[in-house]
Amino acid sequence: QEPQASGLPEYIKIVEVGPRDGLQNEKVIVPTDIKIELINQLSKTGLPAIEVTSFVSSKWVPQMADHKEVMRGIERHPGVQYPVLTPNLQGFHSAIAAGATEVSVFGAASESFSKMNINCSIEESIERFEEVTKSARNMNIPVRGYVSCALGCPYEGNVVPDKVAEVSKRLYSMGCYEISLGDTIGVGTPGSMKKMLEAVMKEIPLSALAVHCHDTYGQALANILTAIQV
Amino acid sequence: NIVPTPVKINLINMLSETGLQVIEATSFVSPKWVPQMADHTEVMQGINKLPGISYPVLTPNLKGFQAAVAAGAKEVSIFGAASELFTQKNINCSIEESLERFDEVVKAAREASIPVRGYVSCVLGCPYEGKISAAKVAEVSKKMYSMGCYEISLGDTIGVGTPGSMKEMLTVVMKEVPVGALAVHCHDTYGQALANILVALQMGVSVVDASVAGLGGCPYAKGASGNVATEDLVYMLNGLGIHTGVDLQKLMDTGTFICNALNRKTNSKVSQASCRL
Numbered sequence: 001q002e003p004q005a006s007g008l009p010e011y012i013k014i015v016e017v018g019p020r021d022g023l024q025n026e027k028v029i030v031p032t033d034i035k036i037e038l039i040n041q042l043s044k045t046g047l048p049a050i051e052v053t054s055f056v057s058s059k060w061v062p063q064m065a066d067h068k069e070v071m072r073g074i075e076r077h078p079g080v081q082y083p084v085l086t087p088n089l090q091g092f093h094s095a096i097a098a099g100a101t102e103v104s105v106f107g108a109a110s111e112s113f114s115k116m117n118i119n120c121s122i123e124e125s126i127e128r129f130e131e132v133t134k135s136a137r138n139m140n141i142p143v144r145g146y147v148s149c150a151l152g153c154p155y156e157g158n159v160v161p162d163k164v165a166e167v168s169k170r171l172y173s174m175g176c177y178e179i180s181l182g183d184t185i186g187v188g189t190p191g192s193m194k195k196m197l198e199a200v201m202k203e204i205p206l207s208a209l210a211v212h213c214h215d216t217y218g219q220a221l222a223n224i225l226t227a228i229q230v
Numbered sequence: 001n002i003v004p005t006p007v008k009i010n011l012i013n014m015l016s017e018t019g020l021q022v023i024e025a026t027s028f029v030s031p032k033w034v035p036q037m038a039d040h041t042e043v044m045q046g047i048n049k050l051p052g053i054s055y056p057v058l059t060p061n062l063k064g065f066q067a068a069v070a071a072g073a074k075e076v077s078i079f080g081a082a083s084e085l086f087t088q089k090n091i092n093c094s095i096e097e098s099l100e101r102f103d104e105v106v107k108a109a110r111e112a113s114i115p116v117r118g119y120v121s122c123v124l125g126c127p128y129e130g131k132i133s134a135a136k137v138a139e140v141s142k143k144m145y146s147m148g149c150y151e152i153s154l155g156d157t158i159g160v161g162t163p164g165s166m167k168e169m170l171t172v173v174m175k176e177v178p179v180g181a182l183a184v185h186c187h188d189t190y191g192q193a194l195a196n197i198l199v200a201l202q203m204g205v206s207v208v209d210a211s212v213a214g215l216g217g218c219p220y221a222k223g224a225s226g227n228v229a230t231e232d233l234v235y236m237l238n239g240l241g242i243h244t245g246v247d248l249q250k251l252m253d254t255g256t257f258i259c260n261a262l263n264r265k266t267n268s269k270v271s272q273a274s275c276r277l
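Chains as they are written, first to last, in the UniProt record's numbering: chain A, 1 to 230; chain B, 1 to 277.
Hints are not guaranteed to be accurate.
Sample of chain B residues facing chain A (criterion: CB under 8 Å; computed from the structure) [stated by the list, open to error]:
id	residue
1	S133
2	A135
3	M147
4	Y150
5	V160
6	P163
7	D232
8	V270
Bear in mind the hints are in silico, worked out from the structure with no lab data behind them.
Ideal placement from N, C-alpha and C gives every residue a C-beta, glycine not left out.
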């Protein structure tokens, strides 16, 4: 993408995560047909990518228990990507069987968060993801990598930019086409966003980076603007 | 609902303890037009005036100015607009006529050694005219600055601005008014306020208006938010390492006080986030 005279990109790819990241945080279990309708309506808006669901055990994430039905039930519009989360090889196989053509793996820049969230260390999680990316490569399935807690962790507090860069590099090297850097608890501000991106950009080309900002402290748009300006 | 005078006074007194250096206290406008500000004299006389803090008040005309000074005001503000239609609907005259009224206030203020701040509304869009030209904003700003206003606060009155239009507008205005005399007053009606403020900061603006708890809705968009929350602004500036002198916790406590008194939820995301702790 060539920058405009303003230095800003001409096009920004927006990845819609409402049906997965969004609904996952809702207390009430959303009926399958409503999830499908939501995704179908989003497919008509022009969004190029819509995160559909997560092939994770329903014991851990009850909201996503209907992942197969949702994956099979949605309309697939040409030109729109429908990635799904696959935390491990088992989830990956299940996703492929249900018709997924793109998957995502979710790492973290914080050991504590990794342990609390997926019950293993960052290193162990990387090993799991490598199994997924190997299989995905064999089947020509693109894999997107997420790095959570990029600007702060609910358990560890401050997160060092170099750690974010290190985890991002591992995911990128294993074959993820894009790394989405997540400000999981929304504590970031334009200053910390810039510092983190500068560290990560030493390891990963800008065009392979995405930002996933939470608006918990109302900072999201300002942080996104900063990322766009970089 | 009319807020009781003691609540207003307590709010201002609490704000005076947070480190804020400027607190807009009230408006010396006819209660017929703005009933909420009918107690302007009592509020002005009732608040603790801490040294080092400025308590400007709005004075739409000479009469209001004189009442303000009699009540002890030491700084006043005048409210212009970059839109003819908005001026007509809001204060019932043309931009030119409004500037003539303001000139009277500025002249009297100069005699009394009272600083005057000028506001320009609708700088990034008007509820009646729609698009507003940056040149018009620059023209009105320049007139108010030349008249004697020490600072011009540029208001995105309906919050429709985005970083692009903010940058364009400021570029043009800065040709006529030095950036050191500019402030921004962004509304968060479309959630764009902090991003717009960030752009203004990047261009050299160092005075930003905000409202505790994001008080103040939008009279033109029912149910929409209005002012950007001071708490959210301070959070962003703290993260950028920009000094404000404001104690975020004391500010949040003040926000909690007024929201309880008004029986409403805060518009500040930072406050909402902190409540979960």
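Practice task
Tell me, in ascending order, the numbers of any earlier hints that this structure violates.
Solution key: 1, 2, 3, 4 and 5
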